[in-house]
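Engineer: Below, each chain spelled out in residue letters.
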Amino acid sequence: MPYENGISLRNLVSDYAGGAMHILIIEDDENAAQYMAKGLTESGHVVDVASNGRDGLFMATGGDYDALIVDRMLPHLDGLAVIQALRAADIATPVLILSALGEVDDRVKGLRAGGDDYLTKPFAFSELIARLDAIVRRHNAGRVETTLKVGDLELDLLSRQVRRAGRAIELQPREFRLLEYMMRHADQVVTRTMLLEGVWDYHFDPQTNVIDVHISRLRQKIEKGFDKPLLHTVRGAGYVLRDTP
Amino acid sequence: MTTTSSGFRAFRTSTFRIVFRYAAIVGIFLTLVLGLVYWWALAVIDQGVRQTIEAEIRGLAEQYRTEGLERLIEVVSERSRRQPTDNSVYLLVAPDGRRLAGNLANWPDDAVVSVDGDKTWFNITLKKKEDGALVPHSIQARTFQLPGGFRLLVGHDTQGITDFRNIIIGVLAWAAVATLALAVLGGLLISRNLLRRVENVSATSRDIIRGDLGRRVQTDGSGDEFDRLARSINEMLDQIQHLMTGMRAVTDSLGHDLLSPLSRLRSRAELAFRNAPMDAPERETLELTIADADAILATFRSLMRIAQAESGLSRAEMVAVDLTTIADEVAELYQPVAEDKGLHFDKRLEPGCRIRAHEQLLAQAIANLLDNAVKYTPENGRVWLAVRREERAVVCEIADSGPGIPAEDREPVFERFTRLEHSRTTPGNGLGLSLVAAVAMLHGAAIELADNQPGLKVTLRFPPDQAAG
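Protein chains in written order, with the numbering used here: chain A, 1 to 245; chain B, 1 to 469.
What the hints contain is simulated information worked out from the structure, not anything from laboratory work.
Please note that a few of the clues may not be correct.
To be verified - Here are some of the chain A residues that sit facing chain B, going by a computed Cβ distance under 7 Å:
no.: 1; residue: P122
no.: 2; residue: H203
no.: 3; residue: V210
no.: 4; residue: R217
Said to hold, decoys possible - Pairwise CB distance ranges, derived in the manner of DEER restraints:
no.: 5; chain 1: A; residue 1: M73; chain 2: B; residue 2: M236; range: 28 to 36 Å
no.: 6; chain 1: B; residue 1: P463; chain 2: A; residue 2: I91; range: 42 to 50 Å
no.: 7; chain 1: A; residue 1: T147; chain 2: B; residue 2: M247; range: 53 to 61 Å
no.: 8; chain 1: B; residue 1: V198; chain 2: A; residue 2: D55; range: 56 to 64 Å
no.: 9; chain 1: B; residue 1: N234; chain 2: A; residue 2: M73; range: 54 to 62 Å
no.: 10; chain 1: B; residue 1: A320; chain 2: A; residue 2: F226; range: 40 to 48 Å
no.: 11; chain 1: A; residue 1: T41; chain 2: B; residue 2: D409; range: 49 to 57 Å
no.: 12; chain 1: B; residue 1: P412; chain 2: A; residue 2: T147; range: 51 to 59 Å
no.: 13; chain 1: B; residue 1: T325; chain 2: A; residue 2: L158; range: 20 to 28 Å
no.: 14; chain 1: A; residue 1: R167; chain 2: B; residue 2: P412; range: 52 to 60 Å
no.: 15; chain 1: A; residue 1: G151; chain 2: B; residue 2: A450; range: 48 to 56 Å
no.: 16; chain 1: B; residue 1: E379; chain 2: A; residue 2: R167; range: 31 to 39 Å
no.: 17; chain 1: A; residue 1: T147; chain 2: B; residue 2: L262; range: 51 to 59 Å
Built from N, CA and C at the ideal position, the CB exists for glycine as well.
Extracted from the complex, chain B is given alone in its bound form (with noise of 0.2 Å):
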């Protein structure tokens, strides 16, 4: 496994979703908090503005009131020339539009309109020098009509709010995109550490289902629900190992309870056949008795060897295998048979094709289809035998141009004692197509039933052995 794939996977994971998800939730909801606060607080500096500006307002109608224009005019210009250290606007006009004091040029006559409540707002842009250039601000202002037909604007330097508002959209736009980030890089560290102990899991699973029931899922201690999970299939494992134990005992000693007596029985019938006079009427009894022994003799035999190649106990025993060489004996271990039946025997062997395998049983295997393949065929048939290798696999295909099985039946044929409509009349216990299913599970190889059109197309698709690439 290498860490380009392994990091793949990672994105691939649940916990990665998982991940992603909540991040993508507490972004949200980090952005709707942000937000919040900052129209909260944008209000509330705003609305300190406003109130600022109106009471400079009142102050000065109330100086007007009270000491007359020419104060007003004074305090006006005072306060002007507080600037530029403060932000506000002033600008005090006649009747006429005369401007009389302040710090603005003229009355604005390009004012944005708001109304709040019974006071009207004016959102002016200004252009302030600074640094020798001019720089638009954006004004707050309200005017105040006053006795007399004179006009008084107070307004407000917001350009501080604005500057505010951008760096808060920045921050806001930063921790998204950086919370965007975190989510994804912890999402792929979490799950890699996850995936890590999940595959501890899975390959003991998959070396189980190859039939290595004596492997156990690594516990680390930590007491964790990894390592807890790790200890309940441990006990599981256990259990099913015990639970097969037993039933192996069962099997072996029933098997051995009536291999038992039919020995005896073949043995007793086979000396009386032995001792039998030639013309004695009892001889053909005798080996008719013999011959039914034999087949179920032969039948335990096969259930045997299908328990074996089930069980994986012959795994230690798989070794790399030429399955061209091994294919080809077979095929010349059945080719008089074909011939006799005159069938066509076709053989495609690609040379060299090496897979991992017990060679016992491979062989058993590729003689029971080529036996069921001579077996179906009607005389002047075809039958297939090909091997070849394909870019991740092996292959081994048997075909004939026989019946073949309806696509119906395709399942069934690998169970036990299966036979078909049309087979019962042809010998055979319906042992071979399991042992065949047996074999390809004890190697890994994946087994497919197709037509031939007309006939059976039996693929087994052997993985290919890895030392010899």
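Isolated chain A, as found in the complex (with noise of 0.2 Å):
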């Protein structure tokens, strides 16, 4: 596999000590919440956890948290309610939620109830970590742009055109919502799970790497005739696109 370009996960994780989060885990299940809690403990935030709906209502509307975790299925206060509750009483903080495999078709009811992602247990962790990011990100974010940009790559969203130092890239309608995917979550990590959801809208994984394929043939053209790497593949979660100065 091309790694050339590759950075680990480790050095990624580490970018976060700046930007520490505080995150509330509402889960039953005290195994999981254990090993989230210490993944993200170590990734440099600060964590509670909430063993059932109930108390994880009351903290969630009493603390501060920067983002919320939670389990679909608890015991006392199901999680859909939790959300529903919280979003009722004007709390807007972002919720990424976890539900059991099989549950395909329960995303939507998730998103609807107010959820911002949707994870299905069991999870890799650099996919946690990434979708809690992008999430946070776009809840701090909250303006609409029109223009991206990243280091020396522009990216129009009404005129649809893409410029590298003022040189125009051709780029088809895929590649240019590809494109458009990473530079909104620029500096994060995005798996592949992340891309197919966001660009295709497929929730499944096809058999091969296809999504390889794709990032290869967009890093082949904004970084042709560049010096510097935009376009970087981490080795065991996913890619990221950021100016490495």
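Make one complex out of these two single chains by using the hints.
Structural biologist: Next up, the structure:
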């Protein structure tokens, strides 16, 4: 696999040190909660855990959290009910919903209840971090952009044109959407599953890693003739678009 | 369902055949009985006529013997004058053939002779004046030789019997026609009634086959055989559903019990990997462990997807979609992969082919088929994707110029975990085509594997979206 411009997840995690988040995990599975808490703490975040829906709702309402991780099935108060109660109380904290495997069609229900993203258990830790990061940034950005910029790469959402260092780059419609997604999540690790969901709207894993081929084509177009690489492969996680100094 | 076609279908039911056969048997039996009655009645009447004639001849012979020729002529003339109210015919001739008395003009010589024991009977046809016209009448007669050379003929007009016979034949013919007509009509009516009740069961069965296990056959509470059948079927379905729910609970908890530790194993390995120093020797082991865990999880996910499609639970999410667009998007996902492998990708997509579908599952099925096509076709080969409308179906066809699948292996490839000999070396878990089969079933689509000469051609025939026409 081409890892020539790959960077390790370890480097990436250290980037969060500056932006430590306060995260509440509402999860009744003690083991799962513990592993998530451990991993997130090691990534430099501050983590609280609630083991049932009632406590979770109470803590989420009172505490000042940057993000919530809410399990779909909870004792006392169902995960979706917790989110609905929060949204009804005008608390807009971004929520990542966790659900057991096999409840594929629950996604829509989860998002409709006010969740920001949906993750099926079991998941890779890198997937959890990437998605958490994505919903928090989206929540904080909060403004409508017409131009996206990463280093000398510019993407105009209105004229649908891409330029790098002033030179126009021709992209197919899907490549444009792929680049747009990467640029909206600049400096964040984006997983293959996130790309399939966000760019293609496919909620399944293709048997072959088709995403890699699309990424390498896009990389060809935006990096050919330029010295500095922008689209990096993060080993074992996904990709990141960033202007490395 | 229109009246004509259901009426037409009533002809093809077993009930109709049974009723029709029954009517045929009754008809034959009826004909036999009536025929017997007919022959018997005719014989009795015939016998009566002969006895009357015999008695008359005996009487007349007695007259002749005791009172002589004069008296006989007198009696015969007197009896002849009773005409035409009586149907008797008399003739007495002298030895030289001269007519002495009677209502017959001359001795008949065209008489048909039949012998009954020692007696000779004639059947003669006479022309009788009726309303000014001569009408042929058949007469049964007997002659008697009197002593002295005189001959006596006594006969009886059997025209009434002939008329009677004709009437009976007519009645029999009409009865046969009426029986046949009633049989067809009755068969149709009974069949249609039964058909409606059987259709009730069939419709439910079809729904259940399509995955709607909650359906039950309607009972009407009448307690008749169909009602009892419906109740038995419903009890059976309850039992099946109960077993399946139990099975699902077992599978789910098994899945949960396996997934939780597997998921913890993966998390642990991932955390260890993340915390290990860059040059630590265990990094590679951990990475391989994570990869294996991911492969197992991917298989789990595929199995869950197949189960989801097979259970029919996703039916609620089926909407009218444009198959052309869905296929085109999946093709676009795979086109770069095909091009990188030097494959020629040939798309023939007829626009606007609409079907009812679960979009994600349908896309995944097409993706799995394209994945296989691209994976198994050697470099510089060809891959085809076609969507088109046929008379009664919307067709999605994926073909390649790869090694294909031998005819005897085509059925098993839809089974879970089937991997053919030449595919052992390529990545995959043997679930791709199982999912395609499950998705096809969910959509009521027919699936066909054929030889593309060379290569494999997979054809999915979807029922077109009714609303879109």
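Engineer: Could you run down the list of hints and mark each one as holding or not?
Structural biologist: Status of the hints after comparison with the structure:
1. P122: P122(A) check passes; min Cβ-Cβ to chain B is 3 Å, inside 7 Å.
2. H203: holds (5 Å)
3. V210: holds (5 Å)
4. R217: holds (6 Å)
5. M73(A) / M236(B): 28 to 36 Å: holds (33 Å)
6. P463(B) / I91(A): 42 to 50 Å: Distance hint for P463(B), I91(A) holds at roughly 47 Å.
7. T147(A) / M247(B): 53 to 61 Å: holds (56 Å)
8. V198(B) / D55(A): 56 to 64 Å: The hinted range 56 to 64 Å holds for V198(B) and D55(A), with Cβ atoms some 58 Å apart.
9. N234(B) / M73(A): 54 to 62 Å: This hint is violated: roughly 33 Å between Cβ atoms.
10. A320(B) / F226(A): 40 to 48 Å: holds (46 Å)
11. T41(A) / D409(B): 49 to 57 Å: holds (53 Å)
12. P412(B) / T147(A): 51 to 59 Å: Given range 51 to 59 Å: holds, Cβ gap about 56 Å.
13. T325(B) / L158(A): 20 to 28 Å: holds (25 Å)
14. R167(A) / P412(B): 52 to 60 Å: For R167(A) and P412(B) the Cβ distance comes to about 55 Å; the hint holds.
15. G151(A) / A450(B): 48 to 56 Å: Given about 52 Å between the Cβ atoms, the range holds.
16. E379(B) / R167(A): 31 to 39 Å: holds (34 Å)
17. T147(A) / L262(B): 51 to 59 Å: For T147(A) and L262(B) the Cβ distance comes to about 45 Å; the hint is violated.
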